[in-house]
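Asks: Taking the hints into account, I'd like the entire structure generated from these sequences.
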Amino acid sequence: MMNTINIDQNYSYFEKNRSQLLKKYEDEFLVIVNKSVVGNFKSEEKAINYAMENFKLGNFLIKQCLPKKEEQTQVFHSRVIF
Amino acid sequence: MKIRKYQSLTVKYDGIPGSIMCEVGVSLPFNPQTTPESQSPPLKKYLAIWDTGASITVVTEKVVDELDLKPITKTTVRGVHGEEERNVYLMNLFFENGARIFNVKVVSCKSLSDGGDLLLGMDIICIGDFSITNKNKKTVMSFRTPSLETIDFVKKQNAENLMNKVTHKKSNKGTKKKKTKKEIRQNRKKNKK
Numbered sequence: 001m002m003n004t005i006n007i008d009q010n011y012s013y014f015e016k017n018r019s020q021l022l023k024k025y026e027d028e029f030l031v032i033v034n035k036s037v038v039g040n041f042k043s044e045e046k047a048i049n050y051a052m053e054n055f056k057l058g059n060f061l062i063k064q065c066l067p068k069k070e071e072q073t074q075v076f077h078s079r080v081i082f
Numbered sequence: 001m002k003i004r005k006y007q008s009l010t011v012k013y014d015g016i017p018g019s020i021m022c023e024v025g026v027s028l029p030f031n032p033q034t035t036p037e038s039q040s041p042p043l044k045k046y047l048a049i050w051d052t053g054a055s056i057t058v059v060t061e062k063v064v065d066e067l068d069l070k071p072i073t074k075t076t077v078r079g080v081h082g083e084e085e086r087n088v089y090l091m092n093l094f095f096e097n098g099a100r101i102f103n104v105k106v107v108s109c110k111s112l113s114d115g116g117d118l119l120l121g122m123d124i125i126c127i128g129d130f131s132i133t134n135k136n137k138k139t140v141m142s143f144r145t146p147s148l149e150t151i152d153f154v155k156k157q158n159a160e161n162l163m164n165k166v167t168h169k170k171s172n173k174g175t176k177k178k179k180t181k182k183e184i185r186q187n188r189k190k191n192k193k
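Chains as they are written, first to last, in my numbering: chain R, 1 to 82; chain X, 1 to 193.
Mixed in with the good hints there might be a few duds.
Stated by the list, open to error - Cross-link-like lysine to aspartate or glutamate pairs, in silico, DMTMM-like; alpha carbons within 20 Å at most:
| no. | chain 1 | residue 1 | chain 2 | residue 2 |
| --- | --- | --- | --- | --- |
| 1 | R | Lys24 | R | Glu44 |
| 2 | R | Lys56 | X | Glu66 |
| 3 | R | Lys69 | X | Glu85 |
| 4 | X | Lys110 | X | Asp152 |
| 5 | R | Lys46 | X | Asp152 |
| 6 | X | Lys135 | X | Asp152 |
| 7 | X | Lys70 | R | Glu44 |
| 8 | X | Lys110 | R | Asp8 |
| 9 | X | Lys74 | R | Glu71 |
| 10 | R | Lys56 | X | Asp123 |
Everything labelled a hint here was simulated from the structure, so no lab data went into it.
Replies: What follows is the structure, encoded as structure tokens:
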């Protein structure tokens with residue numbers, strides 16, 4: 001059975017290796033499992049479908065490979081308490 | 001995000017509500033093409049608020065825990081309390097009228113200040129046409145997917161004004177005001193001079 005590395009660890013892997021990954025996969029949607037890239041796709045839908053078909057929910061991270069400053073921030077003007 | 005063919009939903013109120021709410025079904029994500037209905041994950045009902053001030057859909061931690069949603073990524077969120085990184089989850093959404101939206105990406109929050117379990121944000125609102133009308137002080141919200149037309153009140157008003165002008169001119173044609181005897185006399189005097 002595959003070891004489950006949670007989302008925080010996969011996310012840390014992405015952040016640590018962002019500059020290297022950018023050289024190879026800029027703009028692409030990456031599927032990261034156990035701290036390695038197991039798939040790269042042009043669309044998020046394809047990345048989600050691939051990850052859902054091949055891995056258990058919670059065992060993978062999907063991340064668009066972009067420079068930090070180009071990442072989108074989600075905005076909430078009211079109601080939400082984080 | 002996959003959407004079933006054309007669907008619409010209307011919520012009517014007897015007065016003017018503080019927010020537009022409706023009940024929605026939520027489940028873990030699944031692909032309806034590969035998952036038979038008998039094997040699809042259970043659906044739970046929650047109270048959702050339609051919110052144009054939210055850029056994406058939000059669920060409270062209560063929903064995450066109850067459905068055991070699993071994060072697929074992280075994103076930066078900015079609210080009234082500042083910026084922070086939050087988990088992003090996938091889920092399927094079911095509306096009362098049968099409309100279903102698959103693989104909706106949502107972020108979680110501790111709670112919503114005005115109650116409710118979910119905020120349906122601009123990611124949902126912008127996949128269709130969304131209207132709020134308040135005739136006779138009774139609010140009606142209607143939503144349909146996909147988008148089918150543009151509603152432009154200014155354009156409609158301008159067209160109506162133009163129509164009124166044309167009708168007014170037509171109705172005035174041939175009904176020139178008759179000159180009074182005094183005006184006729186004055187005109188005659190002018191002509192003699």
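Asks: Take the hints in turn and mark each one as holding or not.
Replies: Hints and how they fare:
1. Lys24/R - Glu44/R: With Cα atoms ~17 Å apart, lysine 24/R and glutamate 44/R stay inside 20 Å; holds.
2. Lys56/R - Glu66/X: Given pair lysine 56/R, glutamate 66/X holds - Cα atoms ~18 Å apart, limit 20 Å.
3. Lys69/R - Glu85/X: Roughly 14 Å separates the two Cα atoms, so the pair holds.
4. Lys110/X - Asp152/X: Violated. Lysine 110/X to aspartate 152/X sits at ~38 Å, over the 20 Å cutoff.
5. Lys46/R - Asp152/X: Roughly 36 Å separates the two Cα atoms, so the pair is violated.
6. Lys135/X - Asp152/X: Given that 20 Å is the threshold and the Cα spacing comes to 17 Å, the pair holds.
7. Lys70/X - Glu44/R: With a Cα-Cα distance of about 17 Å, the restraint between lysine 70/X and glutamate 44/R holds, given a limit of 20 Å.
8. Lys110/X - Asp8/R: 19 Å, holds
9. Lys74/X - Glu71/R: 11 Å, holds
10. Lys56/R - Asp123/X: Answer violated: lysine 56/R to aspartate 123/X is near 25 Å, above 20 Å.
Checked against the numbered hints above, the structure breaks hints 4, 5, 10 and satisfies the rest.
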